[in-house]
Amino acid sequence: MAGKAYRVVLFDLDGTLVDTAPDLGYALNQLRQRRGLPPLAEAVIRPQASHGARGLLQLGFDIGPEDSDFAALRQEFLALYEANIVRASRLFPGMAEVLADMEAAGLRWGVVTNKPERYTVPLLRGLDLLARAACVVSGDTCAQPKPHPAPMLHACHLAGAEAPQCLYIGDAERDVEAASAAGMPTLIARYGYLGENDRPEEWGAAGFIDRPADLLRWLEIRESA
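Residues in the sequence shown are numbered consecutively from 31, following this note's numbering.
Source of the hints: derived by calculation from the structure; they are not laboratory data.
Built from N, CA and C at the ideal position, the CB exists for glycine as well.
Incorrect hints may have been included.
Stated by the list, open to error - Cβ-Cβ distance ranges computed for the label pairs, FRET-style: (1) A134 / D170: 28 to 36 Å; (2) E112 / G136: 31 to 39 Å; (3) S98 / R252: 26 to 34 Å.
Please model the entire structure based on the sequences and the hints provided.
Structure representation (structure tokens):
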């Protein structure tokens, strides 16, 4: 589909629009430090950053929701993260220019994430992005999060566009599943939080981008100098 057919670009948040791994990793390592454990390297944490508290606690403590200590540990982790939510999180390199170029071309953009609103809104506000977004759909905005298509369709409604007029950018299989179920094409951000066992070429996405600026080619927007 020609880029000029798109009216809205929708982004996953963690690992696609914003590099949140440093702050998620900081919270996890603070939690480990409280328990006398050594810190984990960011390179180890990064692939789990898209999988939320469950994935990170599994990595850091080999614990899951079925464990009796999980709920309390999760609450402690989330409190640490909330207190440090914009400590080091930033747009991925080149993304600020991409957003500016899109806006200059008259394209709107928004966010569809599984991150709860409690963390999504402060993060976007802290990065001066909240007011610029055409829509923000968090993990608890709809009754079902991704991979259900409901969040994608709700974002379309908020942005005033049909699903085929939107392009979704994500870094997880659930992103492709949700967008595809909604009738929306997807690009995979290979610069995001892909793990060594991920097989994005098997997910059925329309294409891949290796850096944020690659998105402009799909949108038929010339990259600014």
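Violating hint indices (sorted, rising): 3
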